[in-house]
Every structure is written in structure tokens, then in C-alpha cells.
Amino acid sequence: MTAVIETTGLTKTYGAVRALDGLSLSIPRGGVYGVLGPNGAGKSTLFRILLGLIRPTAGEVRVLGQHAGDPAVMRRIGSMIETPRFPPYMTARQVLQWLALAHSSKDAAIDAWLDRVGLTEAANRRVRGFSVGMLQRLGVAAALMTKPDLVILDEPTSGMDPPGIQEMRALIRSLADDDGVTIILASHQLLEVQRVCDRVAIFNRGTLAAEGKVSELTASGERLRLSATPLARIMTVLGDKATLDGDAVLAAIPRAEGPALLRALIEQGVDIDEARWVGADLESVFMAETGPARTDAQVREALHAG
Amino acid sequence: MLADAIRSESYRLLQNRTAVFWSVFFVPVMALAISIVGQLVIQSKAVKINGANLPIELGGPLDLGQALASSAGDLANPAILAFLLIGAATLYAGDYRWETWRLISARNTRANLLLGKVGVLKCLTLAAMLAFLLAASMADVAKAAIFDRPMTFTFGAEQAADFALLFLLSFVRVVQFLMISLLAATVTRSLLAALFVPLVIGVGQAFLSGPIAGALGLEPGDWLTQLLAPGLAFDTLKAFIRGGMEAAALPDGVMVKAIISLALWSIVPLAAAIAWFGRQDLSKE
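Protein chains in written order, with the working numbering: chain A, -17 to 288; chain B, 14 to 298.
Rather than coming from a laboratory, the hints here were simulated on the basis of the structure.
Note that the Cβ used here is the ideal one computed from N, Cα and C, for glycine as well.
Mixed in with the good hints, there may be bad ones.
What the hints assert, rightly or not - Under 10 Å between C-beta atoms, here's a sample of chain B residues computed to sit facing chain A: (1) ASP17; (2) TYR24; (3) ARG25; (4) SER57; (5) LYS58; (6) TRP114; (7) ARG115; (8) ARG120; (9) ARG123; (10) SER279; (11) VAL281; (12) TRP289.
Unchecked claim - Distance windows between CB atoms, simulated: (13) A:TYR(-4) - B:LEU229: 50 to 58 Å; (14) A:ALA(-2) - B:ALA288: 25 to 33 Å; (15) A:ASP52 - B:ASP87: 42 to 50 Å; (16) A:PRO144 - B:GLY291: 52 to 60 Å; (17) A:ARG37 - B:PRO264: 24 to 32 Å; (18) A:TYR(-4) - B:ASP87: 34 to 42 Å; (19) A:ASP52 - B:TRP289: 14 to 22 Å.
Based on the sequences and whatever the hints tell you, model everything.
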């Protein structure tokens, strides 16, 4: 498995702030790779280093086998960092034409790309009147029209409506599956990431907290959900392996121990209404790796204090 | 490639019709209009004074060739410069203002991107200068028509050489200010700085170089005088090209100093801008 991105001890500091702290990461060629993390975790900093917009303070980074920022490599990358902005006096078609010229791209198929991101009707409108979602679509078209080997997208569905998000998801998957493009994306929409990505890396405070296939990361958090009475007796049997989930209990046990647990609970006089295995979603993996969010009570308290 | 940078920059600039109008066409059109109106007013006054309703003839034949050659030396005038700086500011600082560096910096080397802008702006400068020359010639034709003066066109080898040298000199002088604008835009990331810093420097040079040279006891032919005052270097070269008494009075060796001064004021800001831009954090726009 060859890597499109390899970083070793990558560090970037802004004064006293360490945006990246010795990050070592290898992103394989092919598929869709998600980079997750709370705000300030270092995702955008990594992307900016990969695109040669900023230089690392320390460490090494190789993109498609070359140094980041190498012009020959940059021409093989398509990117969209944050919500893109364009010269307001240009139309959507002119923006793509301008960028195609900058890239020396003679067969950019501009109209086809406008169609693919759903901007055909707005092709001749000036971008000063575009919504955030339309700018995102145009940014994605700009990133993809030069047929890059690697595409880096920062929040590609930000500001899009649900149908737009669905279209974008389909577009990203088709580029990876049909065109063989490697796509690296960052997003806070964890459900979308779980749906579209093959692998993810979870960043926390500039370091790599977890990395792997989405299916593996979510499988490791698989638990047995028991709807039964009395719940207190199940909690006693399971001890610290049990957590309450509404009117049910989640049992953190290996799948092989499930039948034995059910027999033991029945012997203890527990009346089992339903038992089923539930996988962890990416959100719970994310929260486990990056630290708990504030509880509702804490948020309310903070609001009152404010 | 540099050609890609030039192609894309020129495409983008051509879509910005407002900037092109103010940079290239506004000054020549206004100059032509003011010239024609002014001549019509003078003609009407002259007719009144003359007491007859007949146009009067002022002066002899109007030599359009000579007028053209003379105009070439006046192309680095403050009006052309000020309005060209609108285009310069848009071109140089637009990518900071519209946060588009990150779109294009991935598509070429940083040096090429800046040199592409410089190349396009030089073309814009040529267009503005040619448009001004055209307007000046049209004004001369209008003048001849209004005052019923005969026209001639003398443009021999000598006039052609003078014209070419004065045109080139004016071009270099304008480019100097555009390079200062580039450096100001790159360092400050500001459209207003790109517009006003070169103007302030130009005004400062015009008003302060004389008193400073005087205070330092410098002569016009001294190295430091020529280097501190590129406007003086420009005037020195213009006088030399035009010849006559003024050229004969120039100190020995001042030509080389003037040429080096003009070259340095163009090259140093450009080199500084490229060096600065090469290490600039383009994620902050």
C-alpha cells in the first residue's frame, strides 16, 4: 500500500501555540480519507502545510513522494480550504476558466464540471451573489476540474442543504471509486464522514489520537444493548462494563461472551425484552478520543453564568 | 510556467472592466475632452475679441509628428500614474482581498505568480500610454480643426528615435512606481497601501529630494542625488534625449548614474517583493 501523504514528527507552532505536535501519519493511496478533530486540533494546519501555504516548524512531510509545496506536485493536487472566495466581478464559468488557465489546463471541461456540481443555471451569474453553499460547489469544481491525483477538501459540505450534501457525497464517492482519485477531507459532520470515508484519522491537540478503517474503529466500540427488567440487577451483574442508555443497558463485552451473559441474566431472574448488538458510531469514537463534550447541565450553567 | 501565470492574470484583469476603464481609458478620455472643450472656449473668446463671427487662425501649421514625439516624454505624468495604480492595486492586492491566493498558489511557483502580475501590468501600462498618445494626437487634430490650422506630419528617423527613447524612458519611470506598489501590496496585503504608498513616495521624492540634497551639500551630478531622486534621474535622461542647451549643461558622467538609479528603483522593489512573497504565510489573507 503506497502512501500519498507521509509525515514524520510534523510540528507547527504559532508563538506559544502548538498547532501540530510531532504528527506522524501515513495516508494510503486510493479511497476517501477523513481527518477529524475538534476546532484547533490541527486539521487545517496540516492541510495548509500539505498545500505549501505555510511551512512546518519541524518534521518532514512528503506529498505524492515529493516535498510539500513542490510545484510539480502541487499541479497534481486539487484543493478547497475552508469556504472558498473568488473575485466577485467574475461569473462561475469565468472563475473556472481563469483557474484552468492558471493550471495550463486545456481540457478542463468547464461546463461538465459546472453541471456535475449543480451550477449550470448559475454559470453566468457573478459570484458576488452566491450563497455559501454555491461557493462551496464552485470551490469543489475548481479543485476537481484539473483531474488531480489527490484532492484535499476542508469542510466540503459546509453551508449546503441536505440534497446538496447528498449530491456531494455521491460525487466524492464516485471520484474515489470510478476515477481512482485519493480524497482527503476534513469535516465536523461525523455522520457524513462515516458514510463517505474508508479510513479516518482523529486529531486532538495537534497529535494523532486514533487512525484506521471506519469499520474497525466503530467495531471496537460494539456493545450489547439490553432492554430488560430490573435494570439494577443487570448493572450489578455487569459492574463497570455496563452503562445506562435510556431505559436500556449497554454491555461492553466481547461478542463471544454474549450468550453466556444472557444465560446468567436469565438465571438471575432478569426478564429480557430485547437484546441486540449495536456498533459504536463515529461520534462516540470521536468523543472517546477527544474528550467528553460538556453535559446539558454544564452548557446551561455556562449560559446562565454568561 | 510564467506564461500560464500571465495568461490567467490577463484573463482575470479583462473581466474586471471597472479597473481596466479607470487604469487605461479614463485619463486619455478626460484629457481629450478637457482639451477639446478648452480649445472651443478659447476659440469662442478669440472670435468675440476679434469682433467677427469667423474662426481665427492661431499660429502656423501644426506638426503632428513633432507633437507625438514630444508627448512621449510626458507620459509619466501624475494623472496616468495615479490611475494606473488603481489597476496595479487591484492586480497586486486582489488575491489578498478576495482570499484567492490559496486557489492559485497551488497552480504555479510563487515567483511566477508575482512575475505574471508584473507582466500583465506592464502590458496595461503600455495600453494606457498608447491610449494617452492617441488621445493627445486626437486633441491636436481637434485643435487644428477648431483653429483652422494646417497640419503637417514630420516623423523622420530622428523623431522616431526620440519618440522611442522618450517612450521607453516614460515607461521605465511608470514601472518604478508599479514596483513600489507591488512591494507595498505584498508586505501589507492591503489594496489601499498598494495605491497610496507609491504616490506618497513619489510626492515625497518630488518635494524633499531637492531640500535634502541641498542640506547635504550634494550636487545634481552626485551619485547620492541621482540615487535618492529617481525623478531627477528621469529628468536628466529626458533632457539628454531631447538635446539642446539643457543637455549640453548636464554634468559629465551623470547619464550612467541616472540609468543605474532608474534601474535600481525598478529592480530592488521587485526583488524584495518576490523574496518576501516566497516566505509569506498565504493561509492568512
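**Outcome for the supplied range 24 to 32 Å, where the beta carbon pair is A:ARG37 and B:PRO264** = violated (50 Å)
**Message:** Does the closest beta carbon of chain A sit nearer than 10 Å to the beta carbon of B:TRP289?
**Reply:** Hint on B:TRP289: violated, closest Cβ of chain A at ~14 Å, above 10 Å.
**Asked** Is 14 to 22 Å right for how far apart the beta carbons of A:ASP52 and B:TRP289 are?
**Response** Holds - the Cβ-Cβ distance for A:ASP52 and B:TRP289, about 21 Å, lies within 14 to 22 Å.
**Asked** Within 34 to 42 Å or not, the Cβ separation of A:TYR(-4) and B:ASP87?
**Response** Since A:TYR(-4) and B:ASP87 have Cβ atoms about 51 Å apart, the given range 34 to 42 Å is violated.
**Asked** Given B:ARG115 was flagged as interface, is its beta-carbon under 10 Å from a beta-carbon of chain A?
**Response** With a closest approach of 5 Å, the B:ARG115 hint holds.
**Request:** Return holds or violated for the Cβ distance of A:ALA(-2) and B:ALA288 against the range 25 to 33 Å.
**Result:** Given range 25 to 33 Å: holds, Cβ gap about 28 Å.
**Asked** Minimum Cβ distance from B:TRP114 to chain A below 10 Å?
**Response** holds (8 Å)
**Request:** Report holds or violated for the interface hint on B:TYR24, using the least CB-CB distance to chain A and a cut-off of 10 Å.
**Result:** holds (5 Å)
**Message:** The hint says 42 to 50 Å between A:ASP52 and B:ASP87; measuring C-beta to C-beta, is that right?
**Reply:** holds (48 Å)
**Asked** Does the CB of B:ARG25 sit less than 10 Å away from some CB of chain A?
**Response** holds (5 Å)
**Request:** Double-check B:SER279 for me: the hint is only fine if its C-beta lies closer than 10 Å to a C-beta in chain A.
**Result:** violated (26 Å)
**Message:** Less than 10 Å between beta-carbons is the criterion; does B:ARG120 satisfy it with respect to chain A?
**Reply:** Holds, about 4 Å.
In summary, the numbered hints that this structure violates are 4, 5, 10, 11, 12, 13, 16, 17 and 18.
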